[in-house]
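Participant: Residue-level listing of the chains:
Protein chains: 2
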Amino acid sequence: MRLYLAGPDVFLNNFGAELLGAKKALCARYGVEGVSPMDGQLAPGGLDPFAQGVAIYTANVRHMRSCDGVIANMTPFRGISMDVGTAFEMGFMAAAGKPVLGYSNVTDSYAVRAESYYRGRHHEGVDRYTEGTSIESFDMTDNLMMAGAVHASGFEVVRCRVAAGQELTALEGFEACLRQLQRRR
Amino acid sequence: MRLYLAGPDVFLNNFGAELLGAKKALCARYGVEGVSPMDGQLAPGGLDPFAQGVAIYTANVRHMRSCDGVIANMTPFRGISMDVGTAFEMGFMAAAGKPVLGYSNVTDSYAVRAESYYRGRHHEGVDRYTEGTSIESFDMTDNLMMAGAVHASGFEVVRCRVAAGQELTALEGFEACLRQLQRRR
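Which chain is which? The protein sequence lines are A and B, in order. Per my numbering, the first sequence runs over residues 1 to 185. Per my numbering, the second sequence runs over residues 1001 to 1185.
No lab work stands behind these hints: they were computed from the structure. Don't be surprised by glycine CBs; every beta carbon is placed ideally from N, CA and C. There's no promise every hint is true.
Distance windows between CB atoms, simulated [claimed, not checked]:
1) A:Ile135 / B:Ala1051: 14 to 22 Å
2) A:Tyr30 / B:Gln1182: 31 to 39 Å
3) A:Ile135 / B:Gln1182: 31 to 39 Å
4) B:Glu1018 / A:Arg183: 42 to 50 Å
5) B:Arg1185 / A:Ala28: 46 to 54 Å
6) A:Leu42 / B:Arg1062: 35 to 43 Å
7) A:Ser134 / B:Gln1182: 27 to 35 Å
Calculated from the model, a selection of chain B residues having no Cβ within reach of chain A, i.e. all distances over 10 Å [unchecked claim]:
8) Tyr1030
9) Ser1066
10) Arg1078
Isolated chain A (complex conformation) (with noise of 0.2 Å):
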């Protein structure tokens, strides 16, 4: 069984080889094989960044396409929602028919961070016309359609607490989303 990687992992440093290297290393005492969306990938010459964009688009679906489901790294990142690319690569594998698992290592509910976002007015440098905007309010840790996928796949969404500063990096939610894959193979 091959696994897709997604989350914002590949955001760190040297795109996220050491994370990514550890999660395949996990998968792999699982009995499952890991796929990075950077494998296989070379630095496109040549191309506007637009282009390469889209060759790493590309090469994503492809691997996506190649994999028989996803774990995804739902922490949130850069606001209090996860990485959107992670959340289109969800979507991408549910509408394929495939396992989606996903873990986040912030244990509040997406309610809970959206009321706090807009009480610390962190929003005013941001998107101020969002005020007044309805908080969905699912105890779930983003926006329905993630959890409703897990959910829909016969699993469910790892939120695990983990120290400060180890959110982007701490892999017990990983790999309580392997354990979770086996105990149903």
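Please arrange chain B on chain A, whose structure you already have, making use of the hints.
Facilitator: Only chain B this time, still in chain A's reference frame:
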């Protein structure tokens, strides 16, 4: 042709009834049918919040499967990126091989917004742990998976400058998407 109307529109007053109604009327003028995520959804009685969220997920997926394409409102929502539920839906439709279109009522590229997020220290009350992560810079409106999907469909993300306060409701960008689609049909 049935078009799924993805976006944070549903978080506006009365589940975005006014905005989604206006989008449907515009769709009709272009000879297509706009499908709102809220169509036919009843407040599910007697369910706990999580199960309510799952019920909405299921209904949204049914709507997406019944549609032939999507126009996504990609305007940044509660942060520097678009709504993650909408991102999920773009991925879902891309995997199904259906045309993916989108618009943003904020014109800055993602890189510009992300840099301003850190420069203004807006991240400090939100996700300080993302400090130092690399910022993708492909002259795209958001994470490359979105623009990549729109591009792979043969379209372009519409960037629309609108009056302050109209970011979530202005429809010029939406109509520009309908025109792109019309030129292709």
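Participant: Run through the hints listed earlier and report the numbers of any the structure violates, in increasing order.
Facilitator: Failing hints, ascending: 2, 10.
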